[in-house]
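Protein chains in written order, with this note's numbering: chain L, 18 to 572; chain B, 18 to 572.
Hints in this document: simulated from the structure, not taken from any laboratory. No false leads were mixed into what you were given.
Which copy is meant is left open, because identical chains are indistinguishable; a pair holds if it fits in one copy or across any two.
Derived pair list, reagent style DSSO-like, types lysine-lysine, alpha-carbon separation capped at 27 Å:
hint, residue 1, residue 2
1, K528, K210
2, K528, K238
3, K238, K210
4, K478, K528
5, K464, K378
6, K464, K478
7, K378, K468
8, K378, K478
All figures in this text were calculated on a predicted structure; none of them were measured in a lab.
Number of protein chains: 2
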Amino acid sequence: MTAMDSHDLSTTDVHQVTTGPIMGSHKVYSEVQTPEGLTLGVPRRRVELTNGSHFDLYDTSGPYTDDTADIDVHQGLTRTRLDWALDPVNGSVTQASYAKAGIITPEMRFVASREGVTPEFVRDEVAIGRAVIPVNRNHPESEPTIIGKNFLVKINANIGNSAVTSSVPEEVEKMVWATRWGADTVMDLSTGKRIHETRERIIRNSPVPIGTVPIYQALEKVDGDPTRLSWEIYRQTIIEQAEQGVDYMTVHAGVLLRYVPLAARRVTGIVSRGGSIMAAWCLAHHEESFLYTHFEELCEIFRGYDITFSLGDGLRPGSIADANDEAQFAELRTLGELTHIARSHDVQVMIEGPGHVPMDKIAENVRLEEESCGEAPFYTLGPLTTDIAPGYDHITSAIGAAQIARHGTAMLCYVTPKEHLGLPDRDDVKVGVITYKLAAHAADVAKGHPKAREWDDELSKARFEFRWRDQFHLSLDPETARSFHDQTLPAEPAKTAHFCSMCGPKFCSMKISQDVRRYAEENGLDTVEAIEKGMADKSAEFAEGGNRLYLPLVD
Amino acid sequence: MTAMDSHDLSTTDVHQVTTGPIMGSHKVYSEVQTPEGLTLGVPRRRVELTNGSHFDLYDTSGPYTDDTADIDVHQGLTRTRLDWALDPVNGSVTQASYAKAGIITPEMRFVASREGVTPEFVRDEVAIGRAVIPVNRNHPESEPTIIGKNFLVKINANIGNSAVTSSVPEEVEKMVWATRWGADTVMDLSTGKRIHETRERIIRNSPVPIGTVPIYQALEKVDGDPTRLSWEIYRQTIIEQAEQGVDYMTVHAGVLLRYVPLAARRVTGIVSRGGSIMAAWCLAHHEESFLYTHFEELCEIFRGYDITFSLGDGLRPGSIADANDEAQFAELRTLGELTHIARSHDVQVMIEGPGHVPMDKIAENVRLEEESCGEAPFYTLGPLTTDIAPGYDHITSAIGAAQIARHGTAMLCYVTPKEHLGLPDRDDVKVGVITYKLAAHAADVAKGHPKAREWDDELSKARFEFRWRDQFHLSLDPETARSFHDQTLPAEPAKTAHFCSMCGPKFCSMKISQDVRRYAEENGLDTVEAIEKGMADKSAEFAEGGNRLYLPLVD
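With the hints as constraints, model all of the structure from the sequences given.
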């Protein structure tokens with residue numbers, strides 16, 4: 018198994034990707050030494066502040082935002098992790114195998130530094146399957162990331178061409194673009210032409226784990242007729258993608274024949290593509306799903322590369338009406354059964370979740386997933402909390418995503434403004450990623466992640482002190498923050514002004530508030546007691562003055 | 018007291034506002050007869066569906082979306098409610114007085130029809146103060162709306178000029194624009210020039226209740242120096258605005274002198290403009306706030322017009338770091354004290370809430386508000402659930418808004434993408450309103466409001482049946498939904514196509530899902546039992562055939 022034997026990238030069209038630091042920040046690396054003698058470079062995005070300090074942010078953007086990096090999309094990124102490979106344990110190379118054997122891998126040290134926890138904690142969480150580190154050995158270009166409820170909430174961005182639109186260079190740029198703004202993983206959901214080549218280009222250039230849904234490519238191989246699918250075609254497709262370096266794969270092995278009629282009576286039936294393909298196959302053949310019956314063979318293939326299962330929710334609800342129904346939860350219980358089989362093969366597992374769920378039914382999804390699937394990392398698509406706002410489903414779903422993450426979901430699959438309406442373009446991808454980053458961060462804050470709130474506080478201090486540039490540079494999207502400020506107050510001095518564009522120089526609560534603070538300090542009015550004593554003294558004065566408490570200041 | 022004696026609108030600049038129906042819908046009126054012999058026309062927005070049925074939506078847009086209405090912004094809207102006025106009860110004309118006396122007013126019948134509940138239920142909720150109907154007698158142009166936890170969650174849009182930007186015609190258009198997309202109330206927060214004239218124009222043309230923060234105008238009268246404010250200046254300002262017809266007023270009467278030092282030690286101090294003005298006044302004079310000491314006089318003025326208090330949270334947190342602190346909750350307890358005083362005068366009361374609150378601290382805000390303030394309708398600004406995303410604070414706050422509404426907040430004050438950065442323009446107002454409508458609706462669904470989910474289901478059915486036009490027309494923003502679809506599949510036949518732009522004609526889960534449904538029905542596979550029996554039969558066949566369960570379909 019080698020990573021580069023499948024395609025010669027240099028034969029395809031030249032194309033450019035977005036490079037250079039994000040406004041107001043630059044790349045730094047923390048060095049981590051390993052017992053094997055490796056030096057790991059853990060990336061961060063450093064924001065230099067105008068008050069002389071700096072603030073470091075978690076960084077998913079890879080070498081593309083490193084001014085000193087030499088980027089060549091035909092060569093692909095440096096295959097850094099080739100040197101990290103440890104000897105197999107009982108014939109297995111999965112992070113789960115090492116963790117269970119008590120071994121801390123370089124990948125575990127890397128993510129521990131990224132998250133600000135100990136390597137031992139990482140190992141323990143991976144060992145019990147409550148966290149996964151998706152790292153196919155054939156994707157040595159990636160920077161490891163950990164997905165689990167006791168770590169920072171991660172987000173995934175979907176890209177991929179379809180029969181209708183898009184090209185290979187566009188998809189590579191979407192991957193670079195999505196990770197630039199914070200995507201922790203990227204799924205290539207291509208269903209159109211040049212699926213293999215698109216994926217090869219994406220993987221070779223991706224600093225984050227890449228996920229796929231192999232059934233899409235398998236279906237292309239049988240000209241789109243689901244009834245012509247077979248285990249053998251699927252198996253060949255899995256191996257092809259495994260060789261390329263796909264880090265995690267969505268497998269809809271929980272869509273059992275007997276669950277299909279449960280979905281037939283729904284308002285929106287089956288909305289998962291993979292789920293509907295497998296349902297069609299099961300009904301046409303009147304047989305149990307080959308993904309289910311061949312699951313142990315799948316585990317053995319995955320184990321050889323350290324591919325992580327993302328057990329797909331093929332029967333997820335596609336509308337508020339269908340949320341938390343029997344079809345959905347029947348499949349979830351089957352995914353729990355499969356989780357334990359995969360774990361017995363030392364294969365890492367995530368569980369995919371909905372979809373469309375009203376707020377009052379969100380917590381139950383997490384509770385049942387944890388119960389059925391032994392706390393395997395939950396990976397949800399939103400969920401959307403209402404169906405009435407196509408065009409704004411990044412928001413209807415961010416509302417659900419923040420809540421489900423707070424309850425324990427480990428990774429959120431983004432939704433763009435184009436959901437239900439069309440394929441996302443570059444701007445949609447950015448809006449989707451930023452929206453999901455803020456939802457994930459809101460959950461980190463609510464969960465009390467030790468480092469999460471520091472970021473909010475740093476930005477709020479900058480805001481209160483009218484350090485406008487720092488406020489822009491500390492935000493998730495500095496360019497947009499600055500451009501919005503420019504629309505009202507474009508002049509350069511406004512970036513250092515001690516007022517803001519909402520109220521103008523005369524009338525500013527922050528300014529008045531600072532005056533209040535200074536006044537209180539100068540007059541020793543810094544406690545309730547001091548104030549109350551002052552009031553008592555004044556009261557006595559007023560009593561002497563005839564009890565006229567409220568002398569008019571202006572007549 | 019008359020509504021029109023203050024200004025002659027015809028002397029000011031001619032300007033246009035947006036009129037005409039929203040795409041795919043038209044205005045209808047339900048007629049409600051009252052015992053007084055009135056016929057009330059309760060507006061709805063009717064969406065005609067391509068399957069021959071129709072769906073009616075709650076409508077806040079006033080006559081502007083009525084094709085048959087004659088709009089003249091110089092004349093203002095028809096003063097429909099002049100005829101509705103009942104005789105005073107014990108000298109009082111407030112909805113609370115009538116409700117307590119057991120009288121159902123035309124306003125109560127109007128909102129009962131709008132909400133789909135009985136007039137008696139409305140009366141009872143108003144009588145105990147758990148809901149308010151803000152209707153200044155001098156704003157007879159408005160269509161009554163009810164704000165309370167047992168009704169549909171409402172949203173408010175802030176508009177208003179400042180010293181830096183905007184003009185009178187722009188602000189009137191912003192009001193029309195905001196109500197077009199669903200704003201239930203509008204607050205005019207102007208602080209710049211021509212405050213009186215701007216407000217007059219807005220009120221005369223507004224179909225929704227108008228709120229203000231009178232201290233802003235009072236401050237203009239003393240050239241922006243808060244220490245020169247006085248009760249007398251404030252009182253004159255209140256009466257000026259009451260005469261114009263302001264329906265509810267934010268009064269920061271809970272910012273007591275002794276609370277000010279509690280805020281001085283915060284990360285972001287006092288961020289409420291009204292709060293900072295009153296804090297500055299208290300400290301400068303070393304006296305208790307005149308809003309607090311004159312509160313009973315305020316109640317008597319409000320009672321004469323039926324102005325609703327919106328008791329302001331002058332000490333609301335301006336950052337995640339300051340959420341739920343002693344300053345905030347000390348003020349909340351004082352607002353509770355004032356609520357009971359106002360109610361003893363039969364004046365309606367709402368309570369304003371934060372601001373910036375992490376998700377884990379949201380529920381406590383509602384609990385304490387209900388406890389302290391006798392379940393007076395809670396009216397919150399977001400809250401923002403993280404500080405790190407300026408430029409996206411409509412989303413950081415919609416996440417908090419949906420949750421706090423689910424817990425019982427009755428009205429949500431919108432936040433636009435420009436929050437913290439600049440003044441919203443027309444597009445920002447629309448994005449803010451739509452974002453808050455979807456958050457409010459997500460809460461209505463989660464709360465189980467009887468009519469809320471019908472809307473989601475209607476749209477989902479249209480989606481599943483590929484009724485594209487119906488999907489667009491049923492959405493909160495039909496124009497955006499359609500334009501997004503056009504970006505990928507612009508051709509007209511695509512609007513009736515049985516596939517969508519995400520996957521193209523060959524590969525569509527909805528289409529496969531419909532095939533599955535049909536197949537299951539045709540073969541009687543519509544229950545788990547039927548499927549399992551079928552499987553058992555097949556199993557026997559396979560056993561006879563040598564137990565080769567999975568014959569390869571393609572070799």
